[in-house]
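Sequence order for the protein chains is L and X. Numbering-wise, our numbering puts 85 at position 85 of the first sequence, and it's gapless, one number per residue. Each position in the second sequence, counted from 1, maps to that position plus 158 in our numbering.
Because the hints were derived from the structure by calculation, they are not lab data. All C-beta atoms, glycine included, are put in the ideal place defined by N, C-alpha and C. Among the hints, a few may not be true.
Said to hold, decoys possible - Here are some, though not all, of the chain X residues that point toward chain L, as calculated from beta-carbon distances under 10 Å: (1) G235; (2) P361; (3) V365; (4) R372; (5) R380; (6) L381; (7) S406; (8) L470; (9) H501; (10) D551; (11) G552.
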Amino acid sequence: MTRLMLSVNGTARAIEIADPDEPLLYVLRNDLRLTGVKFGCGLAQCGACTVLVAGQPARSCVLPARAAAGQDVTTVEGLGSPERPDPVQAAFIAEEAAQCGYCTAGMVMTAKALLSQIPHPTAHQIRGALAGNLCRCGSHPRVIRAILRAAAAPAGGR
Amino acid sequence: MTMSCLTRRGFLKTSGVLLVAFGTGGGVAGRAAGQSAGTVDRFLGKTVATDAVDGFLAIHADGSVTLFSGKVDLGTGARAALRQMAAEELDVAIERITMIEGDTALTPDQGSTAGSAGISQGGVQIRRAAATARQALLRLAADRLGRPAAELEVIDGVVRPKDGGTGVSYGTLVGDRHLDLAVSANAPLKDPNTYRLVGKPIPRPDVPAKVTGRHVFVHDFRLPGMLHGRVIRPPAVGAKLASVDASSVASIPGARVVRIGGFLGVLAQREWHAVRAARLLRATWSPAANLPDQAKLFDVVRATRVARDETLAQRGELSGLTSALAGGGRTLTATYRWPIQTHGSIGPSCAVADVRPDRATIWTASQSTHRFQPAFARILGLPPDRVRLIYLDGAGCYGMNGHEDAACDAALLSKAVRRPVRVQWSRQDEHGWDPKGPPQLLELRAALSDSGEVIAWAAQAWAPEATEGLPNIPLLAPDEAGIPQQPGRSSGAISQNIAPPYGFPNVRAVVHWLAETPLRPSSIRSPGKPANVFAAESFVDEMAALVRADPVEFRLRHLADPRGIEVIRRAAARMRWDPRPSPRRINPLAPILVGRGLAYVHYKNNENYIAIGMEVEVERRSGRIQVTRVVCAHDCGLMINPNCVQSQIEGCILQTLSRALHEEVTFDRARVTSVDWSSYPILTFPEVPPIDVELIQRLDQPPVGAGEASSAPVPAALANAVFDATGVRFRTVPLRPDRVKAGLQGRPA
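Using the sequences plus the hints, can you model the full thing?
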């Protein structure tokens, strides 16, 4: 067994796994019960599994958990709650930028990373930043609007 | 039992099981998310009859209401809209209503959540039940208050005299007892002009939990002692399992192998171990090559045995067409091709099953929990009433994807190991094995008068026949395991909208129902209609071009239905449509070609009226299409929740644009080869155009669905815009860059 020390949403968590190559996704979902992060493809193609590792968007379906050890991992649950949503989440809620919602957490995390780098992105920049996040329901226009809204909010989602 | 014989005693009669309220505090979001058995099992034993008010509604002592809906929310907003319809007729605040969906033990069988009928059928049933309840509650209050019902009004669940004075609440009147009322077709409905909730953009209750990662999808549902299972599907369609080497996964902690006939699964306590075991397990299979040569797919379709012909429309006589053809008049013939496509759910299908010797519970994102209850009972060898299917949200499915197959996988594994089992498919499983939208081939012929009127229109289509009396689309696991199930196929109502929506004097539309189709078919959003309208509305533009008419004017020339005319006019106005024939004058040197197109549908020839306009840029060098604007005028009768309608239209447009631009299932002779997002690309953010939707509210019309109809005109609007830009007519979907580039260079497209 390999023992990993993870820092997830500001809390230190010790995890034991048999396979050191186990992707972070399964540890988050099953060991830490942070099920906001979703399995979409296991191939880093769709973005549903996006979390922040040291502030950067990472595809947790292919990232070995050990590669995240010692770094700050943030999941969608770490941003806010239905009662106290983060500004980006609040903007997604205001725009109803989710249909089935399976891809949504990955979109929120990608948006979070974008706004931390570019606080006031253009719609064009938003489209580019989300090029690797797939949505099948067609929530795209609302997602773009939500990110523009978050950028314009007083807190700016920063 | 009818309303007329209702007595107070009869009304309050309970049938042995006392319904227990759960409070309304804490909002609906959490409950919409947490439809787990534990929170709703208190309702077990209630009626699920579709003709009983108690089937749909329970009114609790605290004034809260539980709505039991056989129709489910697939991300469409039904969770808001159905509550709006119930709250409106009951006259209670919407916040008081909690909704339970698609639970075979608790909800009435309202049919599959399909065909965009959640509101038009499911919602209308619920509305009638709520109106019946309100009428009965009013009479009961009249009795209690000693005033005629006509002198009473209801404000948020409290019945009181219109002229003031003490009232009585629903909770006090009913207090968790059964209503014991038949749903009355005659219960008076609200005058739509007095609606307080219907027609308003009430927020969807599930969005906050989805955005913050708290929403419980079936993928997130866990049971104590649960194992993770994965199923190993054959390397070729129809290949048989020859042998399994269980020692190949011996190194994986706790990995177990289950084999039932040719059904092969692995299980582990830890999900990653199940994933690895599925990858590492060594098995040998018989060779199989049952699929046709993809390059000749449409030849195969055309050569497939026709089980029967069905005449979809016949009007006037077609001698005009025949004589025009014979006389060398103005006639046109064109063939349109639609490829095999997949649902493309972002989350691969998943289910959790807990199968015991005497009963089974299956949590699934199926659109059809009630329909599959008897199927699962047969497969598991249990009486239907001992099998419970409970809907939990999945990733959007847009028709029958792999949800039911994954549920069957989980059920067989759970039965084998006597533990709860969760199965989630891999990406490759989902793309490779979910049932597919079948290929469609359409051939259209028309004759035009010298003055540019359509004299005759003949359409014939080739599409797979639906098996008559098929209880459900056959699942993968029973066939592999050797468990009998009724063979057959169904692709939904794929022949709708082959007949044109215009008043042409002579029309004949025939579908040649094919005895078979490659790959297992099922319904996929707006079954058949994107292809049928692609053909019909491309062909209308082809005729307009032949007689050098403006495509909008040409349509209006042949259309009498005022609602149809209105959506076309509105869409054209919103586009600032420039009346002129297509194609536009093309600069042979321009690197980017710009055009506009429009398409119209009267959905199913009896539902929505929709016109979609599109503007495109085509890059000559690459053949790449960028859609720069989409306009939609949409009339779905009474809109319950315009924000949800708008959201569904955006989804229909973008998903169908994706299908028309990119999507085609590829296969070799053995298996599907488009098994991930690089081999089966879909629309990405940089390609998403601005979408401008005009919603038409019609309070005097019945509601029809909005979940799929606006898909239908999208491909034709695209092809018409590309023709306008380039002068090249594309009749085969998808309009991939290589195909467009070839067409622009004058090669076969």
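Each hint, compared with the structure:
{"no.": "1", "hint": "G235", "verdict": "8 Å, holds"}
{"no.": "2", "hint": "P361", "verdict": "7 Å, holds"}
{"no.": "3", "hint": "V365", "verdict": "5 Å, holds"}
{"no.": "4", "hint": "R372", "verdict": "6 Å, holds"}
{"no.": "5", "hint": "R380", "verdict": "8 Å, holds"}
{"no.": "6", "hint": "L381", "verdict": "13 Å, violated"}
{"no.": "7", "hint": "S406", "verdict": "16 Å, violated"}
{"no.": "8", "hint": "L470", "verdict": "30 Å, violated"}
{"no.": "9", "hint": "H501", "verdict": "8 Å, holds"}
{"no.": "10", "hint": "D551", "verdict": "7 Å, holds"}
{"no.": "11", "hint": "G552", "verdict": "7 Å, holds"}
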